[in-house]
Amino acid sequence: MQRRSPERLPIALYSACKQCDIILVRRYLVSMSIEDINYQMPSNGNTALHEATSSGNTEIIKLLLESSAARLIKNADGQIPYDLAKTEEIRQLFQRPQSHSRFISTRNSFISTLPSKLDMNCKSCSLVDDQSTYEWELTEPNTSQKAFLFRKGSCITTTTFVSTSKYRSVAENFNEQGYSLPEADDISVLCTYTIKAENRTALYIAKYSQYPDEEEVLILPYSQFRITKRIIVMINNQHPLTEIYLEQCDAPVSSVEEEQR
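In my numbering, the protein residues as written are 52 to 312.
The hints are simulated quantities; they were obtained by calculation from the structure and are not laboratory data. For every residue, glycine included, the Cβ atom is placed at its ideal position computed from N, Cα and C. Among the hints, a few may not be true.
As the list claims (entries may be wrong) - Pairs of lysine to aspartate or glutamate residues, derived as EDC-like cross-links and limited to a Cα-Cα distance of at most 20 Å, are as follows: (1) Lys280 / Glu294; (2) Lys203 / Asp301; (3) Lys69 / Asp87; (4) Lys125 / Glu86.
As the list claims (entries may be wrong) - Using C-beta positions, here's what the derived DEER-type ranges look like: (5) Lys203 / Arg251: 24 to 34 Å; (6) Leu271 / Glu139: 48 to 58 Å; (7) Cys300 / Ser66: 51 to 61 Å; (8) Gln70 / Gln146: 24 to 34 Å; (9) Leu241 / Glu139: 17 to 27 Å; (10) Leu254 / Glu294: 18 to 28 Å; (11) Ala127 / Pro291: 48 to 58 Å; (12) Leu241 / Glu117: 29 to 39 Å; (13) Arg202 / Asp134: 39 to 49 Å; (14) Leu269 / Glu139: 23 to 33 Å; (15) Arg142 / Lys280: 31 to 41 Å; (16) Lys113 / Cys300: 20 to 30 Å; (17) Lys113 / Ile283: 35 to 45 Å.
Just need the whole structure built from these sequences, with the hints factored in.
Have a look at this one:
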């Protein structure tokens, strides 16, 4: 049997996806590089994932995604593979796998209060040293999650990029996944941010995300928010959920600035 030359594999994979030949797709993927898998046809700019999505073969789509096929490559019409999905079943294949770590990469990015005019060691702070009443995000790994007990009227300043979504349901989905991993000090928190100046506070990045259906909004570091409401509700009569509502605000005036006036 004549072996297929490596340079022809991308076109062969594309054809197999178009013909919905899952046996050939499996065979080709074993020896293909990511670059070959993401090969774009000169005629239309489609990749194998574009073709599989257009053909509606769920098993082939799963195989390609598991092989790290790129989700954001645009064809000649400016479409990513997700745009070619004809059914909800196909669209769901492009959604993020179940994970409780979507919005936070580590479990120690907590927030605590720095009281006004209190001389504290700010080595654990990631922002400037002044005497204003701020809620700073700390980097101390042993900080307790009890710091999430915010006070209404307090101001917080973000010190990292905060990944959020335009859809409450997306955040609720990841929050629910955390229920399966309870810890003694864990507190489930759902934050709702009201953004007034998107150009300098938050970036809408859904079109750059591998999961555009999540409608991701990235809140920038050093953005100030005032807590307007904090309530605790029960989910399914089992899990307490703290809901915190925050509204963008100007940075509080520090006591040092007040003294200079």
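For each hint, the structure was consulted:
no. : hint                        : in the structure
1   : Lys280 / Glu294             : 8 Å, holds
2   : Lys203 / Asp301             : 16 Å, holds
3   : Lys69 / Asp87               : 16 Å, holds
4   : Lys125 / Glu86              : 15 Å, holds
5   : Lys203 / Arg251: 24 to 34 Å : 25 Å, holds
6   : Leu271 / Glu139: 48 to 58 Å : 33 Å, violated
7   : Cys300 / Ser66: 51 to 61 Å  : 57 Å, holds
8   : Gln70 / Gln146: 24 to 34 Å  : 27 Å, holds
9   : Leu241 / Glu139: 17 to 27 Å : 26 Å, holds
10  : Leu254 / Glu294: 18 to 28 Å : 24 Å, holds
11  : Ala127 / Pro291: 48 to 58 Å : 52 Å, holds
12  : Leu241 / Glu117: 29 to 39 Å : 31 Å, holds
13  : Arg202 / Asp134: 39 to 49 Å : 45 Å, holds
14  : Leu269 / Glu139: 23 to 33 Å : 27 Å, holds
15  : Arg142 / Lys280: 31 to 41 Å : 34 Å, holds
16  : Lys113 / Cys300: 20 to 30 Å : 46 Å, violated
17  : Lys113 / Ile283: 35 to 45 Å : 40 Å, holds
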